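**Q** Taken in sequence, the protein lines are chains A and B. Under our numbering, the letters of the first sequence match residues 173 to 607, in that order. Under our numbering, the letters of the second sequence match residues 862 to 1117, in that order.
Calculated from the structure, these hints are not laboratory results.
Taking CB as the label site, the calculated pair distances span:
(1) A:535 <-> B:920: 33 to 43 Å
(2) A:560 <-> B:924: 20 to 30 Å
(3) A:248 <-> B:997: 38 to 48 Å
(4) B:1008 <-> A:239: 40 to 50 Å
(5) B:887 <-> A:598: 45 to 55 Å
(6) A:590 <-> B:1000: 32 to 42 Å
(7) B:919 <-> A:252: 38 to 48 Å
(8) A:326 <-> B:985: 26 to 36 Å
(9) A:598 <-> B:878: 37 to 47 Å
(10) B:1008 <-> A:214: 46 to 56 Å
(11) A:252 <-> B:877: 48 to 58 Å
(12) A:252 <-> B:997: 33 to 43 Å
(13) A:259 <-> B:1008: 25 to 35 Å
Stretch-level coverage of chain A by chain B, calculated; a stretch enters the list once three of its residues show a Cβ under 8 Å from a Cβ in chain B:
(14) 542 to 551
(15) 561 to 573
Predicted model only: the values in this text are computed from it and were never measured. Built from N, CA and C at the ideal position, the CB exists for glycine as well.
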Amino acid sequence: MNVITPIGRSLTPFAARLSGLKDADRKAAAGELARVGLPTPHVEAWHYTNLRALSGRVFSAPAAGFDEAAAQKALAGILADNGGLAGLPRLVLVNGAFAPSLSSAEFPAGIVFTSFARSPDFGTQTAPDRDALVALNTALAGDGIRLSVKPHVNAGRIVFISLAMGLEEDISFHPRHAVEVGEGARLSLIEIAVTVEKHAGAYLHNPVLTSVIAEGAHLTHVKIQHEADQAVHLATVYADVASRATYDSFTLGLGSVLARHEVHVTLRGDHAGVHVNGAQLLGGEQVGDITSVITHGAPDCISRQTVRNVLTDRARAVFQGKVLVERVAQKTDGYQMNQALLLSPTSEIDAKPELEIYADDVKCSHGATVGALDEDQLFYLRSRGVPDAQARQMLVEAFLVETVDLVEDETAHVILLQALEKALTERVGAPEKTA
Amino acid sequence: MSELLKISGLHATIDADGTPKEILRGIDLVIPPGEVHAIMGPNGCGKSTLSYVLAGRDDYEVTSGSALFSGKDLLTMEPEERAAAGLFLAFQSPVELPGVNNANFLRTAVNAVRRARGEPELDAVGFLKAVRAATKNLSMADDMLKRNVNVGFSGGEKKRNEVLQMTMLQPTLAILDETDSGLDVDALRIVAEGVQNLRSPNFSALVITHHQKLLDYLGPDRVHVMAKGRIIRSGGPELAKQINEEGYAAFLKEAA
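This is chain B alone, in the form it adopts within the complex:
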């Protein structure tokens, strides 16, 4: 299949004090297997909404359009079914789970997904081996597994924890929602390497970012510019460079 993700004419609204407010106004996007696509755009253009709608957050109502994931209707699936099908969202603000041990959380998630995919579950030893290897690659301290999920983590630690989850869950499509924001140079490099390690013909990524830096590491196949709930321009990596130099103003004017 040449389309891992195919979004057509997607419209979505959010409830704003009782009246629906349209955030996505007709998104068309195709991501083939093995490709990394970037979405850039000014604040409030609907980038995060798109990622939440794809992951299945029910605060948003899809009013028209479709999203097919490996040919299946993504929008009728529960969030956990989307995860099992191979979709992963790295949260812009990872959620803290007080009282939930990070290692238990990871193993529960990994085994839930493996079960749903018809794969054998990992026992304690197998899990530990896999997670140790992953934390080492991400330069994460072992004690992060013993702590409660994201509780007391620094911004950088939270983002690394997202990449750790992504590594363990082996998605076919990862949506990275500003995973690079708030990271220092070293943390950015580690996170980027974490994503690069997953790259294969069976792994695609949709990278939402404001910065050229992460894209320098990842080398995206396509770059899309989003404004006012639509993708107004698509192109190669040179588009990111242009935005970095000129800002969004020229694109916005052009689209208006």
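One chain only, chain A, in its complex shape:
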């Protein structure tokens, strides 16, 4: 490899795996990475999120195969914890590799499934030359899911679970997922990322998901990221939304020491809509980053972003939201709101809204709020006999529930609420179980 001195962070953690690639796409991506390195805080898009957690380690490719019994047990636990999941068709990956033995054998009519390993295709939506983490994924992608829904089919809900296990040494996996929703079709994708057992080894989960939502189609994409502290999660999602189509997404960030969920949405046809909503509940030394780039490339489109963060200890959240309104995109309606509850003096939120508008008849607003719990609300609850700690927890939950309530798919909504309540219970003790 013709290595020019990188201006970015060293590629040593992945160097061995990046050399000797044969496929043209992978080779080009590795070449691009070699040129720029992994991003440092000097790269604007990574100014607030430092990848130092990757340095000083060497991430191997995951071993083939896994402990079937342990995986089955973990899966059963996840299904038991999340009422409503068990009956749904599911796709399971272990350390980034599709695991047929854990997944549904058949899918409802109108859904075509294959794995990336079986039928590798990087598609045309991503830009490895502009995003180093996408380049890393492109160079090292081993497997992933590829789903397509035929036109005018209501495909219902599909659960998509990513398990990390058997982590004896530092590993990284870079799954490549693709979803296509045909004209007038509907799909709800419920994505859950968890660590099965805790080990000394660190791991990097670096998925890329590309999606194409055809005219009048609807994709709900809900993600619950609840990996262990040993994990670094760096995800990039692309969505191309056609005329009158909708990409309705929600990310619940609970886990891993460092997580970034980066979303690139292009509204390509008129009257298309997108929701990039999310919530993060972070403590300890966690860093959680929700970054979005929404391009209004057609008139009369709507984009909505509501992200709320609850931070304790020394946790830090990052919100970067860019809205680009192209000249053609008249009557754009864009809204962006980032809010944070800082529950400790050492927690921090960095919010960076960016509006770039070339059309002259648009409505775009953005806002950010940062604060502590409301003393009036706290006193009101306590005056009704609710003990202080429980009152605080109720208010934290309420703050986050308000964003979860934006998810229209009922099953996804319930699963998100359960995950949130469980996370709150784990963090601050059992709440009163109410009706």
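Given the coordinates of chain A, assemble chain B onto it according to the supplied hints.
**A** Same frame as chain A, now just chain B:
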């Protein structure tokens, strides 16, 4: 015990831009069990401050005096301990709790109080039965339980929600801070009936009001006139009538 609440020489201040401002300047008040007392007085005389201090709001500093509730020192208790002990404050401006379901809120409160009182908690069915009966009495629509606490409620709905909470929490002393303000005639009657339904030898109320109307419904045992942080006159229900006809001017002059 003939004194459910005994307030003696109570002084309290609030922080006003770094300097303490005295709002309560020596309150003396005794409420026996089963009695309804009214406090009337011009705006800014300290009526709401008194209710907040009794409920345990920490914006105020008690500088001297005492308040005994069923013989216990009320002022050293946390707000939730006061609620468990049987004190209830109906807020003049009930607080909105976005994202908190009204039914969940009520059940959490009821069970927290029951737990603290050593009573068995209500399960979902038992709670629902009790709350349905209470909402019916208050002519409240069922959907008010499904909505978020006080969010988007009209003024009257908020006040009814306060009375609903009071009914469910079964206090021995309710402080009603201008619960009648902003209510139309029908809503006022419903709220008054809600309070009347609770009347028993084990229930007392301290009613802060500007209006004769609510007192007509409740028939107070005693009426106190408050001005400049003190109770300047106490008497029977006829005092309220006199204020209604003559205003506070005569009392203020007399006290000065």
